[in-house]
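Asker: Sequence:
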Amino acid sequence: MTGLQNIIETAYKNLPSEKKLKPWSYINHGVGLLKNEDELNCYLSAYGKMHEEKIHSALSTLTNIEEIFGGQYQVIDWGCGQGLASLCLLDYLKENTKPNNPKKIILIEPSKPAITKANDYLKASLDNNTKVQLVDKTLDDIILSDIKITEPITINFFSNILDIESINLEKLTSLIKSNLNGEQYFICVGPLNATSTRIDEFAKLLNFTEKQIIGKENGKLKTTRGTIKLLVFKIKGNEIQIIKSIYYPPMPTNKNYLHILQKELNKINTNALSNIDKIIEYYKQVVFLEQIKEPAIEQFYSYNYEINESNEIVVDLESNINFLSIFKSNIKEKFPKDLNISIEIEINSKKYAVLNYTYLFDDIKDINTTSEKVKLKLSDFEINYGVLSNFEKSEEEIDEIQKLIKEQNNLENIINVFKEKIDNNLTFANNISFALSSKNPALSQIYSELKKINRQNVKDGSLLYNFLLNSSIDNKIDNLTEDDLIQLSVMDDSQKKAVLTAFNNKLTVITGPPGSGKTQVISNILANAVMQNKKILVASKNNQAVDNVKSRFERDNNSGFFLRFGNKQILENTTLPDINKISVIKPDLEDNSIQIKIAQDKLNEKRKVKSENKRKLELRNELQRKLPELTKLFENLNIEIQNLSSQNPLLELFRINHQISTIDTYSSQLKKSKNTLELKYSGLGKLWFDWFKKRKIASEFLNSINEFPIEFRNYFKNISLPNQIEEFRNGTVIINAYKKTIDSLESIINYINNYTKKDNELKKNQQEIATINNKIAEINANEQEIRKTIASCEDEIIKLSKIVLKEKIENKLFNASLSHINNYKDYLPNNIPWRYEEISQFENTTKNFLEIFNINCVTSLSAKASLPLTTELFDMVIIDEASQCDIASAISLILRAKQLVVIGDPLQLKHISALNKFEEEKIKEHLQLSSSVYLKYKEKSLWDYSESFLANAKNNSTTVNIDKHYRCHPEIIGYSNEAFYIPKRNLNLEICTNENQFQITPKGMIWEDVVGTQRADNININDAEIAKSIEIATKIANSNPNISIGIVTPFRHQAIELHNKIPVNLKSRIVADTVYKFQGDEKDIMIFSLVVTNNSPNSKINWIDNVVPESVNVAITRARNTIYIVGNKEYIKSKSTLQKPLGKLVDYAGNLN
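Residue numbering for the sequence shown follows this note's numbering, beginning at 488 and increasing consecutively.
The reader is advised that the hints may include incorrect statements.
What the hints assert, rightly or not - Taking CB as the label site, the calculated pair distances span: (1) L1104 - N1247: 30 to 38 Å; (2) N1247 - N1481: 46 to 54 Å; (3) Q620 - E688: 24 to 32 Å; (4) L1171 - N1125: 57 to 65 Å; (5) N1125 - K1226: 29 to 37 Å; (6) D1568 - S1080: 42 to 50 Å; (7) I1197 - K1226: 20 to 28 Å; (8) N1260 - N1190: 54 to 62 Å; (9) K1095 - N1237: 50 to 58 Å.
Said to hold, decoys possible - DSSO-like cross-link-like pairs, simulated, lysine-lysine; straight-line CA separation at most 30 Å: (10) K1251 - K1262; (11) K824 - K938; (12) K500 - K984; (13) K893 - K838; (14) K1095 - K963; (15) K908 - K1616; (16) K1409 - K890; (17) K742 - K852.
FYI, nobody ran anything at the bench for these hints, they're computed from the structure. In this text, all values refer to a predicted model and were calculated from it rather than measured experimentally. We put the beta carbon where it would ideally sit given N, CA and C, even for glycine.
Please model the complete structure; the sequences and the hints are all you need to start from.
Answerer: Dropping the structure here:
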């Protein structure tokens, strides 16, 4: 987490709960001056992350950052607010280079609270070598002396400030022109709207031409380009250079998809929708567009084409009778398909539809194929995002290819673009492919269910209601403790916490890094759900993840009770056989209530013994923690007593030689005499006393003093008592003499009391230390036996837990109604009702069935095939691998849940969306949701969204980190810990593996330094690495017949070549594939081929380091025993940094050897 992200998180936590939902609404959407702490926190919460994204995006355009920031430079943060741009710069430099801090930062901001905060934040992030200068003014009031240039390079930040209409741009640019000393960089970012043009105006006033500002877009943007949202430029002397300009909205090259999207949006009456309905509609629309972009196509049919005088592609549908027949039949279908027209290329005998155009059925249904022909312009075709992303192309690279294609005026040139960017050896058959396309079938299930969700079935205050609004929830729902759990396997403390939190919270978000035992956690949640009579559904977008959970549970209970639902094939081959198996054995089951009680009593007894013995060790630890404090207290008391006696030697003699009772008697006698005298010596009696009684009483006082032991008399000399009768001038002098003597005696008494009190404390403390040491010694002496008892109890608890679970399941089945089972079974696999009047009965039948079979699993894309869309059908829904899951596909699952458990790892691969940001923003804008900044379907996985949603909770608002690792050799997981979990999640995994567990040698992490060459810029194959990887794999396979081996690479081309090079006799033993295919898998030995080398384009290593950095974490952590990294060490050192995955990898591996 970056420094700014920590600041944003703290600001959000400090907001009152009522402001957390819509912080922007309390600050007029951030357009006014911020006046107090609350408003500052609202701004950070609402816009902080957006600022960070935009500034980081702008800084990423500076390709020579070490040159710019490696020497002396200063920053001017214009309209700095809370210093967000400057903070972003510091964070960005830490991530990407070894930076020097700026010599000076000038903060310009008229809001006193904001600029004060900016100063505080920056001072906390900088050393004393950076001067922070505060200029508390508006931009119009700035004078030249406020922005004095003292360094050779200046970075000027204009973050969301130039678009403020009140700023005089002419005056501002005039000031800047008079201050253009040295080399100056200007980083200008603006809000995402299509109305303001002031960044353009600002650049023109600094003498940039329209042509320079538009840059590569010249000739294409014209009046449709929208407005600049990001402009980075450099001025040095007379040299002016645009580094990057980005527009909002971006040029909508995908007109086909936009046309389709707009038709859908036009059907929506936004004014009739509640806010919840708008959000559901937003998710429905993104899924609709995903379906269109990733259609299901069974077969393509080739057509010859003509080019007419308008340079259009013209196709006669009747020239291919096979497709014509299918096309005409489609018109009569109940659910007709759309028409897909594609341009296919062929690589290595495999065809790829790289460009396509979709006619919705409604747009093509009335065509007269006899007289009408299909006409398309080349510019109508759109890039197939899914196909090109398979070629390891980033979104930016695909956009660049799209732009290049739009510039071409004939098909030959378009194919040449693909040759240049994809594969020089590709071929094109010079025909156009037609097909009928149905919307993506997997997404169709999600879309169908989203269509049925609306304000009527999303209850106020329900989990889904709050989830959609990203609003605060009361997260506490139960208060189970460890003693309430059964345990199917040994669990560490973080795993137990995860299980307990799942039952106690309405929403639980769990981070499950590789090898941390998250599947084991789910298995234990399921077992306890059976005991707690909770209905639970485990879901994931990933079939393998669901199967892994089922497999793990069945290692402990193979009764078939944990049902796996899914598509028709799974229902027929897995679900129904398991239900039938149980239906067959049910008549033979007997009432086992007594056996359950016996097993439960034994389990409780073992829990009690374990708890008592754990308490002994906990007590020992508490005592050990307490001991230093007591010892310190003993030492302090001892010193105090020594100081007391050494500083009061006379008083110490009295303490040693005299009883305090004797001294108290002396004092009492004197007090009695003084009191008697004070009664007599009052009023008119004073004169009488002074004349006739004084000498007698004075004599009595002196006699009483003389009766004291010699050391008292000597002590009294210190208080200057009269020692002759004549010195007592009157009764007052006698009374005062009594008082002084009494006070002296009292000081002795007080000293002795104080000393005695401290001495008693010392003895008590000494006794307590002795008691604690004895107790610690006793526990230490018995520790081995205590731990043995605990371990024995844990083993017994696991055994008894499995017995209790088995008996509980059998008892549920014994008491179950066979008709309830059969009634539900009759719906599978093909009889799920869709008529409204039949739904209610299906819901009731399902509820009865789930009272029996209360733990189930399914892929999120196929839940509709077996489960009704019923609100809170399940007590709990668990979504595994949530980092790979999009938000939309989870909504129907969350509707079915009272509690939600989201498990994933944000540092592994995320979900991929074909949607682009413009399309998403267009949907939000149409639905009046532009201010709902938390709606980020493309950017945020379900796990990401759930983490931020959880942070809104009124209580129990933190994620649970499973923080111990049990899979990999310590050297392997050590890298991921240092490169990913510690710096990015502040999570230091405790490595529970050790060297001796791993038997195959060599073990750990080994770098095989291979230079090699990449075949071509657009062919991601390194033959030298392939040869070395196959050599390592075959050698290991031949000498170790019982181990698993994988070869992983970031690039698809390399994976295919690796697979082809595996010897035929070893293809069942060695698997070669991309990182995406390996996620969720593990092998004894992994070989990681990096491909990138000296002749690789910079974009390749940048793609790994910056676009898919998590792929390195996934690749490394697939290995249990050994990971071989095959790559060019020096190349990576020169191109990456320690803050990037590959740079860190080469450094980490080097430090091992």
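Asker: Evaluate each hint against the coordinates.
Answerer: Structure-based check of all given hints:
1. As the Cβ distance of L1104 to N1247 is approximately 33 Å, the hint placing it in 30 to 38 Å holds.
2. A hinted range of 46 to 54 Å for the beta carbons of N1247 and N1481 is consistent with their spacing of about 52 Å.
3. In this structure the hint that Q620 and E688 lie 24 to 32 Å apart at CB holds, the actual value being about 28 Å.
4. A hinted range of 57 to 65 Å for the beta carbons of L1171 and N1125 is consistent with their spacing of about 59 Å.
5. Between N1125 and K1226 the Cβ separation comes to about 36 Å, which falls inside the hinted range of 29 to 37 Å.
6. Taking the beta carbon of each, D1568 and S1080 are about 44 Å apart, inside 42 to 50 Å as hinted.
7. The given range of 20 to 28 Å is respected by I1197 and K1226, whose C-beta atoms sit roughly 23 Å from each other.
8. Our hint of 54 to 62 Å for N1260 and N1190 holds, since their Cβ atoms are close to 57 Å apart.
9. Range check, K1095 to N1237: about 54 Å between beta-carbon atoms, so the 50 to 58 Å window is met.
10. Between K1251 and K1262 the alpha-carbon distance is near 16 Å, which keeps this suggested pair within the 30 Å criterion.
11. Taking the CA atoms of K824 and K938, the gap is about 19 Å. The hint holds against a cut of 30 Å.
12. Distance restraint check for K500 and K984: the Cα-Cα separation of roughly 23 Å lies within the 30 Å cut-off, and the hinted pair is therefore satisfied.
13. Distance hint between K893 and K838 is fulfilled; the C-alpha atoms sit about 22 Å from each other, no more than 30 Å.
14. For the proposed pair K1095 and K963, the alpha carbon gap of about 27 Å is at most 30 Å, so the pair holds.
15. Of the pairs offered as hints, the one joining K908 and K1616 holds, with about 26 Å between alpha carbons and a cut-off of 30 Å not exceeded.
16. With a C-alpha separation of about 20 Å, the suggested pair K1409 and K890 falls inside the 30 Å cut-off, and the hint holds.
17. Distance hint between K742 and K852 is fulfilled; the C-alpha atoms sit about 21 Å from each other, no more than 30 Å.
Going down the numbered hints, you'll see the structure goes against none, and every one checks out.
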